[in-house]
Amino acid sequence: MNDKYSMIEDASIVGSGLENSENSENIEIIKKYFENGYFKENKKLPESDGNKDAPDLSKYVNSPLKKRMSSLSMGICAALSLGPDRNLTPEEEIYLFTAFAEIDTTNKIINSIKIENSELVSPTLFHNSVHNTPLGYFTILHKLRNYCLAISDGLDTGASFANFIKYRTLMKEPFIVACGEEYSDFYKLDYSQKPDIRPVFCSYRVVPFCDKGFRHLEPLSDLSSRDFSGFDYVFADKSTYSLLKEKADNVYTEYFLTGDNPSSVAARLSIPFILGLKGKGAIIDKNDNKYLIFEVNL
Amino acid sequence: MKKNRVFVSAYSTVSALGLGVDETLINLQKGKQLFTADEDSDFSRPCFAVNRFEKSDDLTKSSSICLFLLKDIEDSFREYGDIPLFMATSTGGIRETESVYKRLVDKSISYPLFKRHFFNKTINDVKARYPNFNDSFTFSTACSSSGHSIYQAYRMMRSGLIKRAVLIGYDTLSYTTMIGFDSLKLVSHTGTKPLTKSRDGLTLGDGGGIIFLESEPKGEPLAEIIGVASNSDGHHISSPEPDGFSQKKCINDALEQAELSADDIKYICAHGTGTLMNDEVEINVLDSLFKGEVAVTSLKSFIGHTLGASAITEVVISTAMLKSGKIYQPNDFADSMNERIIPSASVDMRSKYFLKNSFGFGGNNVSALFEVF
Numbered sequence: 001m002n003d004k005y006s007m008i009e010d011a012s013i014v015g016s017g018l019e020n021s022e023n024s025e026n027i028e029i030i031k032k033y034f035e036n037g038y039f040k041e042n043k044k045l046p047e048s049d050g051n052k053d054a055p056d057l058s059k060y061v062n063s064p065l066k067k068r069m070s071s072l073s074m075g076i077c078a079a080l081s082l083g084p085d086r087n088l089t090p091e092e093e094i095y096l097f098t099a100f101a102e103i104d105t106t107n108k109i110i111n112s113i114k115i116e117n118s119e120l121v122s123p124t125l126f127h128n129s130v131h132n133t134p135l136g137y138f139t140i141l142h143k144l145r146n147y148c149l150a151i152s153d154g155l156d157t158g159a160s161f162a163n164f165i166k167y168r169t170l171m172k173e174p175f176i177v178a179c180g181e182e183y184s185d186f187y188k189l190d191y192s193q194k195p196d197i198r199p200v201f202c203s204y205r206v207v208p209f210c211d212k213g214f215r216h217l218e219p220l221s222d223l224s225s226r227d228f229s230g231f232d233y234v235f236a237d238k239s240t241y242s243l244l245k246e247k248a249d250n251v252y253t254e255y256f257l258t259g260d261n262p263s264s265v266a267a268r269l270s271i272p273f274i275l276g277l278k279g280k281g282a283i284i285d286k287n288d289n290k291y292l293i294f295e296v297n298l
Numbered sequence: 001m002k003k004n005r006v007f008v009s010a011y012s013t014v015s016a017l018g019l020g021v022d023e024t025l026i027n028l029q030k031g032k033q034l035f036t037a038d039e040d041s042d043f044s045r046p047c048f049a050v051n052r053f054e055k056s057d058d059l060t061k062s063s064s065i066c067l068f069l070l071k072d073i074e075d076s077f078r079e080y081g082d083i084p085l086f087m088a089t090s091t092g093g094i095r096e097t098e099s100v101y102k103r104l105v106d107k108s109i110s111y112p113l114f115k116r117h118f119f120n121k122t123i124n125d126v127k128a129r130y131p132n133f134n135d136s137f138t139f140s141t142a143c144s145s146s147g148h149s150i151y152q153a154y155r156m157m158r159s160g161l162i163k164r165a166v167l168i169g170y171d172t173l174s175y176t177t178m179i180g181f182d183s184l185k186l187v188s189h190t191g192t193k194p195l196t197k198s199r200d201g202l203t204l205g206d207g208g209g210i211i212f213l214e215s216e217p218k219g220e221p222l223a224e225i226i227g228v229a230s231n232s233d234g235h236h237i238s239s240p241e242p243d244g245f246s247q248k249k250c251i252n253d254a255l256e257q258a259e260l261s262a263d264d265i266k267y268i269c270a271h272g273t274g275t276l277m278n279d280e281v282e283i284n285v286l287d288s289l290f291k292g293e294v295a296v297t298s299l300k301s302f303i304g305h306t307l308g309a310s311a312i313t314e315v316v317i318s319t320a321m322l323k324s325g326k327i328y329q330p331n332d333f334a335d336s337m338n339e340r341i342i343p344s345a346s347v348d349m350r351s352k353y354f355l356k357n358s359f360g361f362g363g364n365n366v367s368a369l370f371e372v373f
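Here the protein sequences line up with chains A and B, keeping their order. Here our numbering is used: the first residue of the first sequence is 1, the next is one more, and so on. Here our numbering is used: the first residue of the second sequence is 1, the next is one more, and so on.
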């Protein structure tokens with residue numbers, strides 16, 4: 001286990017209910033949500049059902065390219081621009097964690113081919129369907145040459161994030177994380193499950209080898225043996241929150257924001273830093289039969 | 001800080017050239033382009049399909065390719081537990097989704113899209129068969145995807161964070177990619193002819209490659225990764241930067257890491273898709289950087305563009321070719337774009353080092369250097 005912590009800096013969140021052009025304004029809103037108990041009860045976001053209505057993210061993209069960009073691409077570009085782009089250096093690697101990536105674009109292509117029997121599809125749609133499209137647009141919009149990589153494993157993306165961060169934070173160079181999902185009618189085609197996928201996008205800089213921040217802990221298959229009473233706060237996914245809240249009052253969930261987004265653990269990790277919480281905390285994400293855990297010390 | 005070495009202990013490949021390295025080399029020697037139509041589609045353009053896997057209700061074709069690759073080298077890693085698994089692809093289960101899509105829309109069937117369409121399907125199929133793997137991730141940056149597996153695994157092993165890793169790149173033909181590339185007017189109507197003046201586009205192929213990396217191999221390693229670099233063009237979502245600035249920097253960064261000069265490289269396995277723009281930019285870049293004796297070929301002449309699988313698949317075949325002492329060109333290769341660096345026929349080659357380029361949509365570039373033993 002790494003005995004050093006990693007700090008999160010320049011964090012930003014945009015999406016449903018967080019559509020201000022200034023990151024500081026979105027952060028103030030998140031702080032108000034925290035004060036008003038949204039992280040403790042499964043409330044819906046005010047003034048919108050917040051779930052499937054795509055927020056208007058085009059205002060964050062000051063380029064004609066925005067006409068071609070999906071909700072995911074605009075959201076990721078917005079989160080990066082409002083957050084870590086302010087202090088971005090050419091050496092910083094940018095990692096996008098997204099479970100479903102450009103799924104709406106892919107769905108439109110498949111629909112065009114299999115339902116509309118098109119012999120050709122929109123060229124723009126096709127080149128926009130690859131997983132690194134959002135990062136591609138970000139580098140084009142800002143004329144950047146940074147290293148970019150998209151990591152994606154569907155419903156298991158949370159585990160991929162935790163696995164990757166475990167190693168990457170053992171290298172000293174700071175790096176950028178972006179995460180998010182877009183909504184798509186594609187999801188409706190799976191009649192066996194109905195995850196609540198929300199258009200929310202987050203980005204931040206990770207600075208390894210710090211004296212405070214977060215660090216990865218070994219996953220657990222059972223939380224009952226773990227005592228969280230010594231923690232000042234615990235942020236968890238919805239099902240873990242339901243499990244733990246009966247036993248402790250220091251448990252929270254950002255479910256009202258990120259829903260069932262499989263990449264939400266990446267956003268959840270930044271919440272204590274965004275809220276400026278002090279003390280010792282835990283970030284938990286249930287993936288399959290394991291509980292992924294990060295310790296936060298601020 | 002001490003840097004560990006990163007050796008290739010085992011490898012295998014799946015492509016139109018064959019299943020496994022031995023069959024691949026045998027067919028390479030024949031020098032023919034083995035165009036094969038995809039058994040499940042009516043796509044009219046030439047393809048390099050691999051129609052040799054039994055269909056299964058449980059496994060996607062992607063999973064079948066990966067499981068074959070693992071089986072082919074399993075003796076090399078079987079005894080180890082907790083091996084990090086680096087997967088790379090651009091299509092995942094799209095092919096299978098396409099086959100059921102209409103019935104899903106009609107609601108005449110139920111199909112677990114969340115479990116089967118996305119990349120976790122293949123990882124889960126692999127882990128179900130091989131408990132050796134614990135930490136895993138799937139990288140996806142279009143055509144440079146498996147180049148990133150090489151980049152990330154190399155860095156983690158050099159730093160001593162991990163001692164071994166299995167890297168798999170895989171991709172399968174799908175209507176989405178076949179029609180998608182055709183809509184971009186990037187698909188050859190007659191069969192790809194990369195790095196030639198008469199090139200008229202790419203030909204897609206099924207493909208997969210696997211490499212098992214170790215810092216301290218027990219036996220004689222096959223090769224060593226000695227430098228990997230990656231960057232972005234920041235130029236266009238589907239076309240390379242015309243002056244190749246980032247590609248040049250990427251190659252130079254890899255050379256610097258390997259502590260080699262351009263003159264040390266005698267073989268380059270180009271990205272070489274066969275499209276007008278990609279080949280022009282890449283060959284101009286290579287011509288400007290490599291002024292000495294060097295041979296540049298594209299394996300996509302033989303296996304097509306295997307998208308996310310291309311980097312690892314072509315690294316495996318390049319390593320095998322160099323170990324055999326020969327670099328192969330198709331028998332009917334003609335009209336070289338650059339006669340100084342692109343050989344018109346197969347050539348004898350005993351080169352210690354080779355460079356593999358891999359460039360993807362979004363202007364995503366990876367260059368990797370290998371020493372072959």
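Among these hints, one or two may not hold up.
[Unchecked claim] Derived list of chain A stretches under chain B, where covered just means 3 residues or more per stretch with a C-beta under 8 Å from a C-beta of chain B: (1) 131–140; (2) 166–180.
[What the hints assert, rightly or not] Below, in silico cross-link-like pairs of lysine to any residue (SDA-like), each with a Cα-Cα straight-line distance of 20 Å or less: (3) A:LYS286 x A:GLU246; (4) A:LYS278 x A:LYS290; (5) A:LYS188 x B:LYS102; (6) B:LYS127 x B:PHE68; (7) A:LYS40 x A:LEU220; (8) B:LYS102 x A:ASN117; (9) A:LYS286 x A:LEU298; (10) B:LYS249 x B:LYS266; (11) A:LYS32 x A:LYS290; (12) A:LYS290 x A:LEU220; (13) B:LYS127 x A:GLU41; (14) B:LYS127 x A:ASP288; (15) B:LYS248 x A:ILE140; (16) B:LYS55 x B:VAL100; (17) A:LYS172 x B:ASN4; (18) B:LYS107 x A:TYR191; (19) A:LYS31 x A:LYS290; (20) A:LYS172 x A:TYR191; (21) A:LYS188 x B:TYR111; (22) B:LYS185 x A:PRO195; (23) A:LYS188 x B:GLU98; (24) B:LYS115 x B:GLU98; (25) B:LYS115 x A:ASN287; (26) A:LYS114 x B:PHE68; (27) B:LYS163 x B:GLU224; (28) B:LYS323 x B:ILE26; (29) B:LYS102 x A:ILE115; (30) B:LYS185 x A:GLU119; (31) B:LYS248 x A:GLU91; (32) A:LYS247 x A:LYS280.
Hints were generated in silico from the structure; no laboratory data involved. The beta carbon of each residue, even a glycine, is placed where N, CA and C say it ideally should be.
Hint-by-hint comparison with the structure:
no. : hint                : verdict
1   : 131–140             : holds (count 8)
2   : 166–180             : holds (count 4)
3   : A:LYS286 x A:GLU246 : holds (17 Å)
4   : A:LYS278 x A:LYS290 : violated (27 Å)
5   : A:LYS188 x B:LYS102 : holds (13 Å)
6   : B:LYS127 x B:PHE68  : holds (14 Å)
7   : A:LYS40 x A:LEU220  : violated (23 Å)
8   : B:LYS102 x A:ASN117 : holds (11 Å)
9   : A:LYS286 x A:LEU298 : violated (23 Å)
10  : B:LYS249 x B:LYS266 : holds (19 Å)
11  : A:LYS32 x A:LYS290  : violated (32 Å)
12  : A:LYS290 x A:LEU220 : holds (6 Å)
13  : B:LYS127 x A:GLU41  : violated (37 Å)
14  : B:LYS127 x A:ASP288 : holds (13 Å)
15  : B:LYS248 x A:ILE140 : holds (18 Å)
16  : B:LYS55 x B:VAL100  : holds (15 Å)
17  : A:LYS172 x B:ASN4   : holds (17 Å)
18  : B:LYS107 x A:TYR191 : holds (9 Å)
19  : A:LYS31 x A:LYS290  : violated (30 Å)
20  : A:LYS172 x A:TYR191 : violated (45 Å)
21  : A:LYS188 x B:TYR111 : holds (11 Å)
22  : B:LYS185 x A:PRO195 : violated (37 Å)
23  : A:LYS188 x B:GLU98  : holds (15 Å)
24  : B:LYS115 x B:GLU98  : holds (15 Å)
25  : B:LYS115 x A:ASN287 : holds (14 Å)
26  : A:LYS114 x B:PHE68  : violated (30 Å)
27  : B:LYS163 x B:GLU224 : holds (14 Å)
28  : B:LYS323 x B:ILE26  : holds (14 Å)
29  : B:LYS102 x A:ILE115 : holds (6 Å)
30  : B:LYS185 x A:GLU119 : holds (13 Å)
31  : B:LYS248 x A:GLU91  : holds (17 Å)
32  : A:LYS247 x A:LYS280 : holds (18 Å)
In terms of the numbered hints stated before, the structure departs from hints 4, 7, 9, 11, 13, 19, 20, 22, 26, listed from lowest to highest.
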